[in-house]
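Chemist: So the chains spell out like this:
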Amino acid sequence: KQEVTQIPAALSVPEGENLVLNCSFTDSAIYNLQWFRQDPGKGLTSLLLIQSSQREQTSGRLNASLDKSSGRSTLYIAASQPGDSATYLCAVGNNAGNMLTFGGGTRLMVKP
Amino acid sequence: GAGVSQSPSNKVTEKGKDVELRCDPISGHTALYWYRQSLGQGLEFLIYFQGNSAPDKSGLPSDRFSAERTGGSVSTLTIQRTQQEDSAVYLCASSLVGFGTEAFFGQGTRLTVV
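Protein chains in written order, with the numbering used here: chain C, 1 to 112; chain V, 1001 to 1114.
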């Protein structure tokens, strides 16, 4: 059974810092990995999708990397802003394409 | 529509009553999923629909939970004889073809059983 772990569970940084969120998974036979953002009381917003054949994806100040063989992904946020404060979730898609397994999330607070 | 739409956004019900939660996926998306997010917990998979195939119900926690998808579009999640432990945010997602493509989530329905 796939297990996804995110470290740290919570992170507080001053505005302007670059930061890295970590995601690890136990079964490397994945189809893709997706990073989401969740604001309090809201649904999930898709940030980046990395297919298993890819090493990284970039969108604006966000860069996600994937090392499938070691079961790891990182989400890099450059020049963090208070508006980046949210919970960040990584989710791993299985090869059958019918399941996304989520990590517990990292709750990020960026202080002005 | 522009995104995945869920209704109601909030639902308070008495223990023992039945509830129905609705999900309108993005037009043209053949895959639809229901997840549950309990307070302080991660997202728990409930059920998966792909086109006209039989749904994957492996995540439904009990036989009080059921879901259907009519015409390959709108889905309804029904919880019978609700219990307090059913209180959670129920999230629906859709994707073009399974989770091989990007999944888009709705805003969720917050269910409170009192």
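Accuracy of the hints is not assured; some may be wrong.
Stated by the list, open to error - Quick look at which bits of chain C chain V covers, simulated, 3 or more residues with Cβ under 8 Å: (1) 25–34; (2) 37–46; (3) 56–63; (4) 86–99.
What the hints contain is simulated information worked out from the structure, not anything from laboratory work.
Each residue gets a CB set at the ideal place from its N, CA and C atoms; glycine is no exception.
Chemist: Please go over all the hints and tell whether each is borne out by the structure.
Modeler: Evaluated hints:
no., hint, verdict
1, 25–34, "holds (count 3)"
2, 37–46, "holds (count 6)"
3, 56–63, "violated (count 0)"
4, 86–99, "holds (count 8)"
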